[in-house]
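S.K.: Produce the complete structure using the sequences and hints provided.
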Amino acid sequence: MSVESLSTERVSELGGKAKNVLGVIVKDRWAAAGLVVIVLFVTLGILGPALAPHDPIRDTLRGEDNQPLRTEAPSEEAFMGTTAFGKDVFSQFLAGARPTFLVGLFGGIGTGIVGFLVGLVSGYFGGRVDEVLMRLTDLTFALPLLPMALLVLTFVQPSTPIIVLVLVTFLWKMPARVIRSEVMSVKNRTFVRSARASGAGHLRTMFYHVAPNVLAVGFLYTAYAVSWSIAVEASLSFLGFGDPTTTSWGTMLQEVFESGDMRDAWWWVLPPAIGISAITTSVFLVGRSLEEIINPEIQTEGDQ
Amino acid sequence: MAGIAGCSGMFGGGGNGSGEADEDAESVETQFWEDWPVETKNNDNVPVDYTATEGQTLDPVTINYSSEEEPWMEEHAVMIESSLMELGIPTEMDDVPLNRLYDEYWPADTGHIVPISMNTHGPDPQRGLDPNAFLLRMHPEDSGNYMNYYDEEVRDLIDEESAEVEDQDARRETVHELQEIMSEDVFCYSINFPDVIQAANTANWSGYVPTPGNGTNRDSFIWTHVNLQPQGDDTTWVKGVTTEMNGLNLPWSAGGEAAKRMTVIYDGLYDASPQLEVVPALATDHEIVDDTTIEMDLRETTWHDGEDFTPEDVKFSVELFQEYDAPDMAVFTDPIDSVEVVEEGLGGRVRFNLDGPDASFMTQRVVMSAIIPKHKWEDVDDPANHNPEEPVGTGPFQFASWDQGSRMEVEKFEDHWMWDEDEREEILGEYFEPGEGVDGIVWSNVGNTDALLGALEGGDIDAVDSILTNEQADELAQNDGIDKQVSENFAPLDVHINHIVPVWRDKVIRKAVAHSINKQGFTDDVLDGNATVTPGNNLISPLVEDWYYEPDDYEYDPELGREMLEKAGYTWDDEDMLVWPEGDAWDAFMDRLEDGHATREELEQDDFS
Chain A
3 MSVESLSTER VSELGGKAKN VLGVIVKDRW AAAGLVVIVL FVTLGILGPA LAPHDPIRDT
63 LRGEDNQPLR TEAPSEEAFM GTTAFGKDVF SQFLAGARPT FLVGLFGGIG TGIVGFLVGL
123 VSGYFGGRVD EVLMRLTDLT FALPLLPMAL LVLTFVQPST PIIVLVLVTF LWKMPARVIR
183 SEVMSVKNRT FVRSARASGA GHLRTMFYHV APNVLAVGFL YTAYAVSWSI AVEASLSFLG
243 FGDPTTTSWG TMLQEVFESG DMRDAWWWVL PPAIGISAIT TSVFLVGRSL EEIINPEIQT
303 EGDQ
Chain B
1076 MAGIAGCSGM FGGGGNGSGE ADEDAESVET QFWEDWPVET KNNDNVPVDY TATEGQTLDP
1136 VTINYSSEEE PWMEEHAVMI ESSLMELGIP TEMDDVPLNR LYDEYWPADT GHIVPISMNT
1196 HGPDPQRGLD PNAFLLRMHP EDSGNYMNYY DEEVRDLIDE ESAEVEDQDA RRETVHELQE
1256 IMSEDVFCYS INFPDVIQAA NTANWSGYVP TPGNGTNRDS FIWTHVNLQP QGDDTTWVKG
1316 VTTEMNGLNL PWSAGGEAAK RMTVIYDGLY DASPQLEVVP ALATDHEIVD DTTIEMDLRE
1376 TTWHDGEDFT PEDVKFSVEL FQEYDAPDMA VFTDPIDSVE VVEEGLGGRV RFNLDGPDAS
1436 FMTQRVVMSA IIPKHKWEDV DDPANHNPEE PVGTGPFQFA SWDQGSRMEV EKFEDHWMWD
1496 EDEREEILGE YFEPGEGVDG IVWSNVGNTD ALLGALEGGD IDAVDSILTN EQADELAQND
1556 GIDKQVSENF APLDVHINHI VPVWRDKVIR KAVAHSINKQ GFTDDVLDGN ATVTPGNNLI
1616 SPLVEDWYYE PDDYEYDPEL GREMLEKAGY TWDDEDMLVW PEGDAWDAFM DRLEDGHATR
1676 EELEQDDFS
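First to last, the protein sequences are chains A and B. Here this note's numbering = 1-based position in the first sequence + 2. Here this note's numbering = 1-based position in the second sequence + 1075.
The hints are simulated quantities; they were obtained by calculation from the structure and are not laboratory data. Be aware that one or more of the hints could be misleading.
Here are the in silico distance ranges between beta carbons for each label pair [claimed, not checked]:
| # | chain 1 | residue 1 | chain 2 | residue 2 | range |
| --- | --- | --- | --- | --- | --- |
| 1 | B | 1454 | A | 143 | 44 to 52 Å |
| 2 | A | 167 | B | 1352 | 50 to 58 Å |
| 3 | A | 68 | B | 1625 | 27 to 35 Å |
| 4 | A | 149 | B | 1364 | 44 to 52 Å |
| 5 | B | 1641 | A | 68 | 28 to 36 Å |
| 6 | B | 1331 | A | 81 | 41 to 49 Å |
| 7 | A | 210 | B | 1651 | 28 to 36 Å |
| 8 | B | 1248 | A | 167 | 19 to 27 Å |
As the structure is a computational prediction, the values presented were derived from the model and not from experiment. Think of the CB as a built atom: it goes at the ideal place given N, C-alpha and C, for glycine as much as any other residue.
M.R.: Given below as structure tokens:
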């Protein structure tokens, strides 16, 4: 068999898997809706700032008398209304998708990678290594995320990379635990034992034989970490500890709260609030349907 | 003048992108241009890294602010950003938390660590009483000189007016001259004096006093607190606040809010009236014996625990504040060399011997005094870290209870002179409201602005101590029984520029930018007109009537600003960003930097446009 045909086979196999996954998602109506929201969010994250009709911070919208439109309900000039200082809520919503997206993406991936590696190493080696790493996760479980993050951000100037770093530091424990238990069940299977017996080193066994079998769970938890990151970023921003140089959906909520307009200016509150809840919920919905593929037991239980 | 180094080809190349760097281009870095009387201000310790390079595009100028400080502070920073952009000066926004702004960005030892920083100033009465509170910021020996401004002429003038005790007219003339220079030399950019907008319940309470800088019910003045008259059944006034108090030690209190709330418990020697006049408090009269000696007659009154108030208490307080460095009392005690008791017993008379003549002693410093009881404090080992469980003062209210983080309560002290209607009427004038006054005050901590506004609407609190935006106040005023209250301000909103950075060292740029700031536009658009726009660049408000001088204004005309830069040899690159002068124009630029305060005309420089 030629190399070419082998790779074609691999690709078609992958394509088949993807189709299969997509099929499961599309069959689950909720998950399908979630997927649409995610695609929309990613598009906004990439194109949002470019699509915004106004500069979200610098442009002041003005009415006919040239007066700034302060806290105006949706109208022809601004179809999502304006903020207390006459900024376009629609533009802020579009531009705010990017920082939210970036934090979600990098926070999620970072959390996934760190958690995956810790879980893999811990589960594979067991014993003392496991002991040390799991005590470390216990420690991060014991520390409450928000207060700790606030403490850190009081001393360091908040910026998107720093917030991502803080998120990863506190969130990796979740995938680590799950991956560890998965690894522990995989590592005792025959093919792993025979790999070891035929002379494969620890690194090779761990990454080549064990890792692929827990990768799916890793991806799933990475996806979950995306929505955790977005939720935590919003909370931090709402408390005034977000990156002050960008407008994320979280900072939008903080601004409307600080201005005292929270109870009146629904057009300013709803877009970021709906944006955040829609994306976090969607990730969970899609994740839930994927769990059915990864862990068929769930499916059976559901069918009974 | 020392240390005019820094011109070298080797360290050039600071520009960013006006094309290929010229090998022979000269450059100049940020530096202290004089030998400062402050040891830490020297060229081994330059706080900012900013270089101007011949023929290169300007590096971005950092604009520092705290969006936490005022709801509209970011809007203001954006306004300044666009002013600089109009002239082609690249910028970088730097929004930091408020505590970092004060702790890190304005170190007293080196001055600002960025080219531009901005803020509003606190409502302390001394800033509205005497011009020195702001003029001293131009003095090289003053720790408030964050802008690193150094001009020998200005220093001498400040020394002169500060020492002019006898002849008020002569002092006034010097103070006017200083305001003229402050504005002409562009010491800073003074934008406006934002109105103090508040809201309070006026259905159940009458007698709010709109004090300048503090509005009707912030705590730096006590006039509303002693003038309020209950109209309903409730006789305890409840005020919602968002900042908690750290302790009950007024002279050594860690936080400003604690000190301010406790001014209802402790009296000073003098007080400031709502018209910003110095009025008697614990001292009833004074006599200026000579330039450095002042005697005061004291009031016959008692402490809240019934003990007599005597001159010994005054002497003890001043000596304790000095011995243990009470930060909140420094304004008052700094010039005092010693205190003597001239006449003992209830009331009595004290003499202050000053280190030197101090024109602001009786116009400002005595108002910042608080007198503490000797019989309560003399056995305290470590006054700076003492937290009196039950503070005893002579003020109109006595302490009732305090729960850190949630509330403080005080009760009316019946024997205080302010409950006497004649005394009060004399001080308050048109704002005077006859009556018995309130039985007590409660400061109740409410988490945040939104909750505060809700609590006021719901009737849980009677007033909010925060400054509100015009919109918030209008919204509240739609409720029955709640009124919007607007007071004028003597504390300016200003833009600090760091005079050691090459950008600001060139007077041409300083003046060009002054023409590029649309103060009126900002005031109308963002503050809805609720501010007094400053003519020129004066930090002294027209409310400081005795000392105010109106300088010439800088007309808003960015084109004029560009013209000024062009004549000085500046050019613009393809992206319309400003480029440092070259050749002869660079030499002229360096001459202006060396002087720092001279115009091109004064230096007889050519027109390079």
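S.K.: A separate judgement is required for each hint: does it hold in the structure or not?
M.R.: These are the hints, each one checked on the structure:
no. : hint                           : result
1   : 1454(B) <-> 143(A): 44 to 52 Å : 50 Å, holds
2   : 167(A) <-> 1352(B): 50 to 58 Å : 56 Å, holds
3   : 68(A) <-> 1625(B): 27 to 35 Å  : 29 Å, holds
4   : 149(A) <-> 1364(B): 44 to 52 Å : 59 Å, violated
5   : 1641(B) <-> 68(A): 28 to 36 Å  : 31 Å, holds
6   : 1331(B) <-> 81(A): 41 to 49 Å  : 44 Å, holds
7   : 210(A) <-> 1651(B): 28 to 36 Å : 58 Å, violated
8   : 1248(B) <-> 167(A): 19 to 27 Å : 59 Å, violated
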